[in-house]
Amino acid sequence: MNLLSGLLRLFVFPGLLFAMPCAWLFVWIERKAVARMQRRVGPPFLQPFIDFVKLMGKRAPERSGSEAFLMRLWPLLSVASMVGALSLLPVLPNSGGFSGDLVLLIMLLELPSLFTVVAGFSSRSLFGEVGSTREAIFSIGYSLVLLTAFGAIAMTSTSLRLQDACQSGGSPARWIALFAILLCIPAKLRLNPFSTVSAEQEIYAGPLTEYAGPELAFWELAHGLEWVALTGVVAAFVLPSSGAILSGVLFVVACIILVLLLSLAAAATARLTLRSALRFYWRSGFAIALIALSVATFTRMKP
Amino acid sequence: MNLMKRLMCACRRRSPWIFHMNAGSCNGCDIELVASLSPRYDAEQMGVLLQGSPRHADILCISGPVTRNTLNAIRTVYGQVCEPKAVVAIGSCPASCNAFAGSPVVEGPLERHIPVDIYVPGCPPRPDAILNGIARAAKILSERGSAESGRRSEP
Numbered sequence: 077m078n079l080l081s082g083l084l085r086l087f088v089f090p091g092l093l094f095a096m097p098c099a100w101l102f103v104w105i106e107r108k109a110v111a112r113m114q115r116r117v118g119p120p121f122l123q124p125f126i127d128f129v130k131l132m133g134k135r136a137p138e139r140s141g142s143e144a145f146l147m148r149l150w151p152l153l154s155v156a157s158m159v160g161a162l163s164l165l166p167v168l169p170n171s172g173g174f175s176g177d178l179v180l181l182i183m184l185l186e187l188p189s190l191f192t193v194v195a196g197f198s199s200r201s202l203f204g205e206v207g208s209t210r211e212a213i214f215s216i217g218y219s220l221v222l223l224t225a226f227g228a229i230a231m232t233s234t235s236l237r238l239q240d241a242c243q244s245g246g247s248p249a250r251w252i253a254l255f256a257i258l259l260c261i262p263a264k265l266r267l268n269p270f271s272t273v274s275a276e277q278e279i280y281a282g283p284l285t286e287y288a289g290p291e292l293a294f295w296e297l298a299h300g301l302e303w304v305a306l307t308g309v310v311a312a313f314v315l316p317s318s319g320a321i322l323s324g325v326l327f328v329v330a331c332i333i334l335v336l337l338l339s340l341a342a343a344a345t346a347r348l349t350l351r352s353a354l355r356f357y358w359r360s361g362f363a364i365a366l367i368a369l370s371v372a373t374f375t376r377m378k379p
Numbered sequence: 011m012n013l014m015k016r017l018m019c020a021c022r023r024r025s026p027w028i029f030h031m032n033a034g035s036c037n038g039c040d041i042e043l044v045a046s047l048s049p050r051y052d053a054e055q056m057g058v059l060l061q062g063s064p065r066h067a068d069i070l071c072i073s074g075p076v077t078r079n080t081l082n083a084i085r086t087v088y089g090q091v092c093e094p095k096a097v098v099a100i101g102s103c104p105a106s107c108n109a110f111a112g113s114p115v116v117e118g119p120l121e122r123h124i125p126v127d128i129y130v131p132g133c134p135p136r137p138d139a140i141l142n143g144i145a146r147a148a149k150i151l152s153e154r155g156s157a158e159s160g161r162r163s164e165p
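Residue numbers (our numbering), protein chains in the order written: chain A, 77 to 379; chain B, 11 to 165.
Okay, chain A solo, but in the shape it has when bound (with noise of 0.2 Å):
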């Protein structure tokens, strides 16, 4: 991957360019289906661009020293590291990538969440630390599941390059693995069962509660990549290899699909208390982690 690929792939595809319509889209998507699914007509078509817009044009509260910085550093440190992570995703076929960019893509992608503690934790709002503790503690529920089952797809490939693993084939451990993930998904976008960290009305807005005005928008910039991202990183496993065009809108038309499964799965459940999301997380989810990593180690074995 050289200088301007790595560029191109950063700001246009899949990167900013691409991931901000993208993203707006999937947001829309939710909400609407969503809305549907309770049978209200639900929000316009352009809403989550509309309300980036709004957003942005709103005055953030006067504050000083550190806070003030670091209140306006964590959205876009959120906004850079969910980029870095879209543009990782090998969307098109013979994309390049490096060995270890599966470790750096894990990494990128729980950023988000360790910014959101901070966040919570910087705002001094007495709801933000409470849901930035949540989200400590639930993120260790998740993320054991999710390193496990990416653990078992490296294992299936025998690579840590997203390119080989995603073109080696579907084996059984790689179809449960990404099960695994697919179930930590609602957990890293605060969705419904999992929405105990953002809690609206309960604890207010939980970490977000003292965010406004610009900062607010690139918040939910973030949330929206995050979308785009986790949904990515399922389809662009999911997907056989085919022609560039092709596979660019097979991976967007994959998204959109997982991104319905998403919001039926918000629109039927219920908000689950911390303890027993953990419980779910911590039983089943690690049990079917650790059965794909089994199965792959097994699998590896034979010959």
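There may be inaccurate statements among the hints.
[Unchecked claim] Think about it this way: if two alpha-carbon atoms lie no more than 30 Å apart in a straight line, the pair counts; the simulated DSS-like pairs of lysine-lysine are:
| # | chain 1 | residue 1 | chain 2 | residue 2 |
| --- | --- | --- | --- | --- |
| 1 | A | Lys108 | B | Lys15 |
| 2 | B | Lys149 | B | Lys15 |
| 3 | B | Lys149 | A | Lys108 |
Note that these hints are calculated values from the structure, not bench results.
Dock chain B against the given chain A, drawing on the hints supplied.
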């Protein structure tokens, strides 16, 4: 520049996020506000979202006759909503104290403490009246926002 201003104006009008506050209301207006978000009336088709934090909101919806206990909270929350903002008084209580007028623990009407943009009268008002009030407040919000940015760019 003009185009950007018009875009911002339209976005403010079409994305009013509300924060609901009970200032000693009997809960009648609160139920009607929640009903306006329900599938039957569906405020989300106008872009209305009920926000958990006043920092995220554009429109402050206040119900109740403003009791002494809630007065400080109203002032704090009004200060926490970021500019440009608008206030909708829901029900007859914040407008006139209604049946509670003359009570020693009631500090209403609301107008004495914070500026109110839209009154939605009724005891309680119907959900469609509340939605109409929010839509009118959103229009005020967009005009206020553009007037403010004009003023800021002048000096």
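Check your understanding: Out of the numbered hints, which ones does the structure contradict?
Key -> Going through the list in order, the structure violates no hint and respects every one.
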